[in-house]
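Residue numbers (the numbering used here), protein chains in the order written: chain A, 2 to 93; chain B, 335 to 723; chain C, 31 to 330.
Don't read these hints as lab results, they were simulated from the structure.
Worth double-checking, as some hints may not be accurate.
[What the hints assert, rightly or not] The calculated lysine-lysine pairs, modelled on DSBU-like cross-linking and capped at a C-alpha distance of 35 Å, are:
hint, chain 1, residue 1, chain 2, residue 2
1, B, LYS336, C, LYS241
2, A, LYS54, A, LYS15
3, C, LYS53, B, LYS540
4, B, LYS692, B, LYS641
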Amino acid sequence: MPVRQRERPFGLPKPETPHGEIIILEERCKGCGFCIEYCPHHVLITAKKYNAKGYHPPEVEKAELCVNCGFCRMICPEFAIYTYEPRTGEKP
Amino acid sequence: MKADPRGVLTGSHYLDGDHACCEGALTAGCRFIAGYPITPSTEVVERFARRAPLIEGALFIQMEDELAASIAIQGAVWAGKKAMTVTSGPGFSLMMEHIGLAAMTETPCLFVDVQRGGPSTGLPTLPGQADMMQARWGSHGDYEIIALSPNSPQEAFNLTIDAFNLSEQYRVPVMFMMDESVGHMMERVVIPPADQIEITPRRYTKLPPGKYLPFKPEPDLVPDMFKAGDGYRLHVTGLTHDFRGYPDMSADIQEQLVHRLVDKIRVNAPKIWRYEETSVEDADVVIVTYGITSRLAIDALNIAREKGIKVGMLRLIVVWPFPERRIRELAVQGKAMVVAEMNYGQMFYEVDRCAQGKVPVVLAGHGGGTVHRVEDIVERIMEAYRCRS
Amino acid sequence: MSVLNELEKASLSPSVGQTSPEKHPMDDFMRMDRMPHIWCSTCGIGVSVNCFAKALEKCKIPLDEVVVVSGIGCTGRVAGYVKVDSFHTTHGRAIPFATGMKLANPKLKVVVFSGDGDIIAIGGNHFLNAARRNIDMTVICINNFNYAMTGGQLASTTPEGSILTTSPFGSHEEPFNLPFLAESVGAVYVARWTSLHIYNQTNSMVEAMRKPGFTFIEILAPCPTIYERQQKFGDGLDRLRWYCDNSEIRNGANTRDVDIRLNAGVVVGKFVDKERPTYLESMNAHYKEKLGDRYKPYEG
């Protein structure tokens, strides 16, 4: 392999996996389970607690695995969960 | 404000009632008509289809049915235009749900009904006056509307402008009840210059978004309006709603809203009533009539006077809200009443109700298809006089 | 990780706000004073509204110019929750209302958001004619295969064999194939997605809103309380899992072949994307030709 192909392409730093902080608005949740089911990294689980309406909201189990993909935010019918990138503030 | 000269065909014309109505609408600033062809009203939209492309901002669309026409005009109103639709009996029946929507959302618009012989398909090319009660009670629920009835093409022109003005002032759908005779009768119609015609502009709110509540009434019980695209971002619904326009399923809000919708017209009724009186000061028998029948009734009045009976006539120009106060006064002052209308008793019941038994009320009615024979009205006058109180 | 416990606030007011300084990114698009909305847990309508909010953000159309018109039904309630000028009209008549609004002020971006029964059954005639005329509007039809708001009656999109309150022994009627219908009457953009295909839905909504003409998106949404329960299928999540395994994306498929049958897979995708002059474009061109300089192009 030529030497230059072993160098970093275009001199860019190593790409970093994004990380997301998850905010769950528990009282809006109706316990549908979409976010738990479809999180690609299975970050969420069903909480054992109830919210005021009697639903089990999601609970973050593996916070470090969240990559701020935004799927939970978009599939939630209740606008009850979203993520943001703590350094840039980006909300997908 | 004055009429926009771009829509005004100033001059003396020879027009039929339908065409005069179209000109009246253009003069009043109507720039959107959604219609559906139905005899005998089609000429109104045919004229508008011809005039609209040459008037800036005017558009005509023939919709696929009356249901679409009656709600397309409401969409146009909420986008900022003055709008009107035109129909006859069968189409009027179809439009009822949307008349209710216009009353509930307080959408100012005009529904022209050029009445024909009914019921059902009836007599498409011949006159009738049998939709009068339907204009008032046709849609479900409690609501009030304003209805006018012209008796000549000149009045068809003038009253269309008045109808638009009333509609804007009270934010209410207005029923314009012509009949086929007036609609297809050709007479001289004089259209004055635009700067001599008063138009009521739409009462848009002056409050900014955030402060304005779309269904909070002003002191005259009518809320100010907004239009889509102005940045208010508000919700309008046919469900029972509160001042913000949000649906609210409680009896209190129902009371607050519907009571006001009804009071809006009832409380302001004395300002809305309009009628024309002929020789009622000394009259023993008063004929109450409207539309084309009034022109026959006048002849009957003269014949009866020659026979020695003191007859007067009250011609309803604004039919709804009904001029209860005047009828009550005439019932006290006169000895009998005759209601001449081209149906088997519609406004007759209103007159009878308001007479409160003080005078006998006789109906000079028939099923439509032709105008009254003057002799028939005279006969009814004689009958009423015979059993006078 | 941060979880907000708003038990106290929830107990004071019927609608729920939030105390976090970070707002939910879609809060500006929704009438938060009317939340929580009325849709059931695992209903697909909320998902589509979420996608619509995202689509509005991506489209960069000023929200003051957007108008949402809806009819009656569960999906019809969408108009009440989106924070734009919105109109909740009569059953089946959202499309003619939107027609009047768009023609009176062509600068408005008019979106009709309504259900399958509202748009294609009672509103069928209006759907056909607006598509034929190519009125510039976007119609988002959430298809949950029944009349849900009134308790779950048979609709004209109900797959044959479905058990509903007015077909207690199973439906024996052939349903509409909505993309086929839309294409045949002249819609310029026809797509179908399910509630699971959220990115596709959002992108379709962006494309449809940007495209001039009559654009139509059908979204197959689960109806847990009624349709799924009556078919003894489970809840909305079970239906989404089913869509995951049984839906096939076939962009550009022939709309004749995308009908929906009970227990058969569904075909989703963007089926039609073509060009046609809109109603106002063809009207202006036509009058210019017929009337010459006397005609000033209609701008509203």
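To see whether the hints hold, each was checked on the structure:
no., hint, verdict
1, B:LYS336 <-> C:LYS241, "40 Å, violated"
2, A:LYS54 <-> A:LYS15, "46 Å, violated"
3, C:LYS53 <-> B:LYS540, "31 Å, holds"
4, B:LYS692 <-> B:LYS641, "25 Å, holds"
Checked against the numbered hints given earlier, the structure breaks hints 1, 2 and satisfies all the rest.
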